[in-house]
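Each chain, letter by letter, is given below.
2 protein chains.
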Amino acid sequence: MKIGIVGLGLIGGSLALDLRPKGYRILGVSRKEETCRAALHRGIVDDASTNLSLLATADAIFICSPISLIVPIVKELIPHVSADTILTDVGSVKTPIVQEINEIWPNFVGGHPMAGTAESGLDAAISNLFAGRPYVLTPVETTPPEAVKTVEEIARSLGSQIYFCTPEDHDRAVAWISHLPVMVSAGLIASCIGETDGKVVKLAQNLASSGFKDTSRVGGGNPELGVMMARYNRGALLRSLQQYRRTLDKLIADIEREDWDSLEQQLKETQQARPDFLP
Amino acid sequence: MKIGIVGLGLIGGSLALDLRPKGYRILGVSRKEETCRAALHRGIVDDASTNLSLLATADAIFICSPISLIVPIVKELIPHVSADTILTDVGSVKTPIVQEINEIWPNFVGGHPMAGTAESGLDAAISNLFAGRPYVLTPVETTPPEAVKTVEEIARSLGSQIYFCTPEDHDRAVAWISHLPVMVSAGLIASCIGETDGKVVKLAQNLASSGFKDTSRVGGGNPELGVMMARYNRGALLRSLQQYRRTLDKLIADIEREDWDSLEQQLKETQQARPDFLP
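Protein sequences, first through last, are from chains A and B.
Mapped onto this note's numbering, the consecutive letters of the first sequence carry residue numbers 1 to 279.
Mapped onto this note's numbering, the consecutive letters of the second sequence carry residue numbers 280 to 558.
Mixed in with the good hints, there may be bad ones.
One side only, chain A facing chain B, incomplete, derived with CB under 10 Å [to be verified]: (1) Arg42; (2) Gln99; (3) Glu103; (4) Ile104; (5) Ser209; (6) Arg231; (7) Ala273.
In silico lysine-lysine, BS3-like type, Cα no more than 30 Å apart, as pairs [said to hold, decoys possible]: (8) Lys202/A - Lys478/B; (9) Lys529/B - Lys250/A; (10) Lys32/A - Lys22/A; (11) Lys529/B - Lys199/A; (12) Lys492/B - Lys428/B; (13) Lys354/B - Lys428/B; (14) Lys149/A - Lys478/B; (15) Lys199/A - Lys547/B; (16) Lys547/B - Lys213/A; (17) Lys354/B - Lys149/A; (18) Lys311/B - Lys268/A; (19) Lys529/B - Lys428/B; (20) Lys250/A - Lys213/A; (21) Lys428/B - Lys250/A; (22) Lys149/A - Lys22/A; (23) Lys529/B - Lys202/A; (24) Lys478/B - Lys492/B; (25) Lys202/A - Lys492/B; (26) Lys32/A - Lys481/B; (27) Lys492/B - Lys213/A; (28) Lys428/B - Lys199/A; (29) Lys311/B - Lys354/B; (30) Lys311/B - Lys202/A; (31) Lys481/B - Lys268/A; (32) Lys547/B - Lys529/B; (33) Lys478/B - Lys268/A; (34) Lys2/A - Lys149/A; (35) Lys492/B - Lys250/A; (36) Lys481/B - Lys213/A; (37) Lys301/B - Lys311/B; (38) Lys250/A - Lys268/A; (39) Lys529/B - Lys213/A; (40) Lys492/B - Lys268/A.
Read the hints as simulated data drawn from the structure, not as lab findings.
All values derive from a computational prediction rather than experimental measurement.
Cβ atoms here follow ideal geometry from the backbone N, Cα and C, with glycine treated the same way.
Between the sequences and the hints, there should be enough to build the whole structure, so can you do that?
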């Protein structure tokens, strides 16, 4: 079986690294000549090119580009491939992508392998990145069962845990556990630097330790990524943010009213609930 | 020099462990007979008792109890000690404690060693807990300079980094970097479990990974501690929470208006600001 990979970065490169030793023939496409050469040199792919026509004979193609390029790449790819070619993507938001691609290529299975590192690019690609990690597939009513089966088998061969759901449920779930935390955490940093007393800010900086470090981590990450999340998952993220604001208002109200029993009750519930969200 | 320690838990026990080998004579007081025996048996203290009268001859006494017991313990202690005895505490909030104790014992230096582990109790006590960590001292105008000097020297001998500030500035700073993160983080967990679609909650639980884990950590901690912070640092925490709410509203407004430039600008500022808060 021939697998095409468009985008040889952390995700695309790591997919290639895991799949090629399993007997799949891997064809890689990158916009950069240099990346193609590196992928060939490191034996990550069987063949590589900057031209999508390389993928004419691929059975399944993984689009591993930034979210904003997924649909444009599919449109560019279509003239080169036959109707039975299965397309799938690795984007972290599913609804808008699945909707747009379904209209132009029914043989498409939305996917989201939930793995990564702080690095990016082909140099960051590693083996076993997806092992033990969730891999979400979001087929819709019109998705051919054979296409789903093929992508599922490839994903399973990575050692991932497969979850099936609708694109909408996926986007709501990741809004809660991935996109909301970014905004909550960014808000923490932004409000601290909004303190107008310079000596208090300085002192806060000196005294901050692991609690602040952990809570602020995802809010201090890549701004472009944060904007992408908000842009492509706007509806679900706003819904989560509004629920978050109501929850925050309840905490503030308890502290204002000095209702310590109610505050303790809320904190007991969060303490109890957190382990259900840990792997 | 004789140092008294009231409360032989994680902080009191760790103080004793570090100070005794430096030649200080350590007198420990615990409410529990069993803890006194264990502290003596492990050689953590020179003498131990459940009775505060043990500290009659101490030169400086560290009150290492939960915040709510600091003032009551000082009141109980006063009849047993002479006027030149220096008292200090390790409470994580300073304004209300310093105010109350100053009225009854001027020879008092408010302190806050910012160290800890997830554990508690004498069994959790370890050496070098305070080395390289901040130790805040909050003397006021009426505090005798000799008392400040003595407590500073002891704190320095632990290898801590000493910071001097007013009790009010301390409380504002810890509201930002310690107490606000707890509420922000607790709000995240509480809002996720407020999602009404059970299958989305289940999916979110399955997909949550390190981003959610880190952002939710301090919000899933000890509820009693969270209430204590809010109760004793209510003014500064509310001020931080209100600023946080305004910041959050700005993020939400940008996403509602699809003002991606403004959102990116905000996220760039948080990315840039975060390193200043890391040790």
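Hints, verified against the model:
1. The interface hint given for arginine 42/A is violated, since its Cβ lies 27 Å from the closest Cβ of chain B, which is over the 10 Å cut-off.
2. A cut of 10 Å between beta carbons decides the hint on glutamine 99/A: the least distance to chain B is about 18 Å, and the hint is violated.
3. Hint status for glutamate 103/A relative to chain B: violated, with the closest Cβ pair at about 23 Å, above 10 Å.
4. This hint is violated: isoleucine 104/A has a C-beta 25 Å from the nearest C-beta of chain B, more than the 10 Å allowed.
5. The beta carbon of serine 209/A comes within 6 Å of a beta carbon in chain B, closer than 10 Å, and the hint placing it at the interface holds.
6. Because the closest C-beta pair between arginine 231/A and chain B is about 6 Å apart, less than 10 Å, the hint holds.
7. Checking alanine 273/A against chain B by beta carbon gives a least distance of about 5 Å; that is within 10 Å, so the hint holds.
8. Distance check on the hinted pair: lysine 202/A and lysine 478/B sit about 45 Å apart at the alpha-carbon level, beyond 30 Å; violated.
9. For the given pair, lysine 529/B sits about 19 Å from lysine 250/A by alpha-carbon distance, which is consistent with the 30 Å threshold.
10. Annotation: proposed proximity of lysine 32/A to lysine 22/A holds, straight-line Cα distance about 26 Å (limit 30 Å).
11. The hinted pair formed by lysine 529/B and lysine 199/A meets the criterion: a straight-line CA distance of about 25 Å does not exceed 30 Å.
12. A threshold of 30 Å between alpha carbons decides the hint, and for lysine 492/B with lysine 428/B the separation of about 42 Å lies outside it, so the pair is violated.
13. Restraint check for lysine 354/B and lysine 428/B: the C-alpha separation of about 24 Å stays at or below 30 Å, so the hint holds.
14. Between lysine 149/A and lysine 478/B, the direct Cα distance comes to roughly 23 Å. Compliance with the 30 Å bound is thereby established for this hinted pair.
15. About 23 Å separates the Cα atoms of lysine 199/A and lysine 547/B, which keeps this hinted pair within 30 Å; it holds.
16. Taking the CA atoms of lysine 547/B and lysine 213/A, the gap is near 17 Å; set against the 30 Å cutoff, the hint holds.
17. Note on lysine 354/B and lysine 149/A: the hinted pairing is violated, with a Cα-Cα distance of about 73 Å set against a maximum of 30 Å.
18. Between lysine 311/B and lysine 268/A the alpha-carbon distance is near 27 Å, which keeps this suggested pair within the 30 Å criterion.
19. This hinted pair does not check out: lysine 529/B and lysine 428/B have alpha carbons roughly 46 Å apart, beyond 30 Å.
20. Note on lysine 250/A and lysine 213/A: the hinted pairing holds, with a Cα-Cα distance of about 25 Å set against a maximum of 30 Å.
21. Distance restraint check for lysine 428/B and lysine 250/A: the Cα-Cα separation of roughly 44 Å exceeds the 30 Å cut-off, and the hinted pair is therefore not satisfied.
22. Distance restraint check for lysine 149/A and lysine 22/A: the Cα-Cα separation of roughly 17 Å lies within the 30 Å cut-off, and the hinted pair is therefore satisfied.
23. Between the alpha carbons of lysine 529/B and lysine 202/A the distance comes to roughly 24 Å, so the proposed pair stays at or under 30 Å and holds.
24. A hinted pair counts as satisfied when its Cα atoms are at most 30 Å apart, and lysine 478/B with lysine 492/B qualifies at roughly 20 Å.
25. In summary, the hint linking lysine 202/A to lysine 492/B is supported, as the alpha carbons are separated by about 28 Å, within the 30 Å threshold.
26. The hinted pair formed by lysine 32/A and lysine 481/B fails the criterion: a straight-line CA distance of about 41 Å is larger than 30 Å.
27. Taking the CA atoms of lysine 492/B and lysine 213/A, the gap is near 13 Å; set against the 30 Å cutoff, the hint holds.
28. A distance of roughly 23 Å separates the Cα atoms of lysine 428/B and lysine 199/A; the hinted pair therefore holds under the 30 Å criterion.
29. Simply put, lysine 311/B and lysine 354/B have alpha-carbon atoms about 19 Å apart, close enough for the 30 Å limit, and the pair holds.
30. Using a Cα cut-off of 30 Å, the hinted pair lysine 311/B and lysine 202/A is violated, with the two alpha carbons roughly 41 Å apart.
31. For the suggested pair lysine 481/B and lysine 268/A, the alpha carbons sit about 20 Å apart, so the restraint of at most 30 Å is met.
32. With a C-alpha separation of about 15 Å, the suggested pairing of lysine 547/B with lysine 529/B holds against the 30 Å cut-off.
33. Using a Cα cut-off of 30 Å, the hinted pair lysine 478/B and lysine 268/A holds, with the two alpha carbons roughly 23 Å apart.
34. At roughly 16 Å between alpha-carbon atoms, lysine 2/A and lysine 149/A fall within 30 Å of each other, so this suggested pair holds.
35. Taking the CA atoms of lysine 492/B and lysine 250/A, the gap is near 23 Å; set against the 30 Å cutoff, the hint holds.
36. Proposed proximity of lysine 481/B and lysine 213/A is supported: the alpha carbons are some 28 Å apart, at most 30 Å.
37. Using a Cα cut-off of 30 Å, the hinted pair lysine 301/B and lysine 311/B holds, with the two alpha carbons roughly 26 Å apart.
38. Distance restraint check for lysine 250/A and lysine 268/A: the Cα-Cα separation of roughly 15 Å lies within the 30 Å cut-off, and the hinted pair is therefore satisfied.
39. Using a Cα cut-off of 30 Å, the hinted pair lysine 529/B and lysine 213/A holds, with the two alpha carbons roughly 23 Å apart.
40. Note on lysine 492/B and lysine 268/A: the hinted pairing holds, with a Cα-Cα distance of about 17 Å set against a maximum of 30 Å.
Hint compliance for this structure: hints 1, 2, 3, 4, 8, 12, 17, 19, 21, 26 and 30 are broken, all remaining hints hold.
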